[in-house]
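Visitor: Those protein sequence lines, which keep their order, are chains A and B.
Counting from 1, one number per residue, gives the positions in the first sequence under our numbering.
Counting from 113, one number per residue, gives the positions in the second sequence under our numbering.
These are computed hints drawn from the structure, not numbers from a lab.
Ideal Cβ positions, reconstructed from N, Cα and C, are used throughout, including at glycine.
There could be a bad hint or two in this list.
Claimed, not checked - Under the rule of at most 30 Å between Cα atoms (straight-line distance), these lysine-lysine pairs were calculated in the BS3-like manner:
id	chain 1	residue 1	chain 2	residue 2
1	B	169	B	121
2	A	71	B	169
3	A	111	B	121
4	A	17	A	71
To be verified - Ranges between beta-carbon positions, derived for each pair:
id	chain 1	residue 1	chain 2	residue 2	range
5	A	109	B	223	23 to 33 Å
6	B	193	A	81	37 to 47 Å
7	A	81	B	126	36 to 46 Å
8	A	69	B	126	47 to 57 Å
9	B	193	A	78	45 to 55 Å
10	A	82	B	117	20 to 30 Å
11	B	223	A	69	42 to 52 Å
12	A	96	B	181	28 to 38 Å
13	A	17	B	152	19 to 29 Å
14	A	45	B	174	26 to 36 Å
15	B	179	A	53	34 to 44 Å
16	A	79	B	130	40 to 50 Å
17	B	174	A	79	43 to 53 Å
18	A	39	B	173	24 to 34 Å
Unchecked claim - Sample of chain B residues lacking proximity to chain A, with all beta carbon distances greater than 10 Å (derived):
id	residue
19	123
20	126
21	183
22	225
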Amino acid sequence: KNQVEQSPQSLIILEGKNCTLQCNYTVSPFSNLRWYKQDTGRGPVSLTIMTFSENTKSNGRYTATLDADTKQSSLHITASQLSDSASYICVVSAENNNDMRFGAGTRLTVKP
Amino acid sequence: DGGITQSPKYLFRKEGQNVTLSCEQNLNHDAMYWYRQDPGQGLRLIYYSQIVNDFQKGDIAEGYSVSREKKESFPLTVTSAQKNPTAFYLCASSIRGLGVEQYFGPGTRLTVT
Chain A
1 KNQVEQSPQS LIILEGKNCT LQCNYTVSPF SNLRWYKQDT GRGPVSLTIM TFSENTKSNG
61 RYTATLDADT KQSSLHITAS QLSDSASYIC VVSAENNNDM RFGAGTRLTV KP
Chain B
113 DGGITQSPKY LFRKEGQNVT LSCEQNLNHD AMYWYRQDPG QGLRLIYYSQ IVNDFQKGDI
173 AEGYSVSREK KESFPLTVTS AQKNPTAFYL CASSIRGLGV EQYFGPGTRL TVT
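Make the full structure from the sequences, and use the hints.
Guide: Here's what the structure looks like:
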């Protein structure tokens with residue numbers, strides 16, 4: 001069964017600190033993996049997309065990594081800001097159909 | 113929110129009533145989707161449509177219905193048959209294709225009492 005697991009469920013950090021969010025998946029055959037940011041009460045917005053051959057991709061202070069062998073991805077946030085407070089959702093797509101699986105998300109709170 | 117609008121933002125209904133959630137997009141996307149989001153769970157696909165006048169059931173279609181008469185619009189009706197309708201509903205659209213990026217609307221929070 002295609003699944004996506006994210007950890008931790010929630011995280012609180014101080015402004016300016018770094019953090020790393022994890023995503024493990026069993027989706028197969030793998031097509032791509034996206035990280036979305038969802039502000040409270042809003043729709044998710046795409047941060048990065050990674051395909052099988054990509055190990056690392058950055059978008060400003062966000063850096064995503066992918067290990068297709070172990071089926072793990074991480075999202076690293078550098079020098080966190082208050083506006084980073086949101087849920088971060090990992091979404092994995094399968095290659096042979098339009099199956100997209102969403103993780104439950106990590107709720108990040110950045111405190112001053 | 114990328115050219116996708118959902119209305120209303122908040123919706124309250126009494127149990128036993130049908131309710132229709134609106135979703136409109138001006139991105140010229142062929143595909144549109146409806147998801148349900150509950151606390152502690154990932155988004156779950158209710159229905160999707162790859163082209164006008166065609167739609168497919170997702171993982172949790174029971175108690176819901178949709179129509180796709182126009183490319184820009186994909187309304188979702190939550191019927192009285194839906195056992196637990198209170199949730200946050202998200203509409204999305206994309207170009208056609210596998211694993212493409214979906215653009216989400218701002219969502220509608222439905223509360224049924």
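Visitor: Are the hints correct? Go through all of them and say.
Guide: For each hint, the structure was consulted:
1. 169(B) x 121(B): Roughly 24 Å separates the two Cα atoms, so the pair holds.
2. 71(A) x 169(B): Distance ~28 Å between residue 71(A) and residue 169(B) Cα, so the pair holds.
3. 111(A) x 121(B): Answer holds: residue 111(A) to residue 121(B) is near 28 Å, not above 30 Å.
4. 17(A) x 71(A): holds, 27 Å
5. 109(A) x 223(B): 23 to 33 Å: holds, 25 Å
6. 193(B) x 81(A): 37 to 47 Å: Holds, at about 45 Å.
7. 81(A) x 126(B): 36 to 46 Å: Holds - the Cβ-Cβ distance for residue 81(A) and residue 126(B), about 42 Å, lies within 36 to 46 Å.
8. 69(A) x 126(B): 47 to 57 Å: Between residue 69(A) and residue 126(B), where Cβ atoms are some 53 Å apart, the hint holds.
9. 193(B) x 78(A): 45 to 55 Å: holds, 48 Å
10. 82(A) x 117(B): 20 to 30 Å: holds, 28 Å
11. 223(B) x 69(A): 42 to 52 Å: Because 45 Å falls inside the window, the suggested range holds.
12. 96(A) x 181(B): 28 to 38 Å: holds, 30 Å
13. 17(A) x 152(B): 19 to 29 Å: holds, 25 Å
14. 45(A) x 174(B): 26 to 36 Å: 30 Å Cβ-Cβ, so the 26 to 36 Å window holds.
15. 179(B) x 53(A): 34 to 44 Å: holds, 40 Å
16. 79(A) x 130(B): 40 to 50 Å: Since the Cβ atoms of residue 79(A) and residue 130(B) sit about 49 Å apart, the hinted range of 40 to 50 Å holds.
17. 174(B) x 79(A): 43 to 53 Å: At roughly 46 Å between Cβ atoms, residue 79(A) and residue 174(B) fall inside 43 to 53 Å, so the hint holds.
18. 39(A) x 173(B): 24 to 34 Å: holds, 28 Å
19. 123: holds, 14 Å
20. 126: With a cut-off of 10 Å, residue 126(B) remains clear of chain A, as the shortest Cβ separation is near 23 Å.
21. 183: Correct as stated: the minimum Cβ-Cβ distance to chain A is 18 Å, above 10 Å.
22. 225: holds, 20 Å
When held up to the earlier numbered hints, the structure conflicts with none and fits them all.
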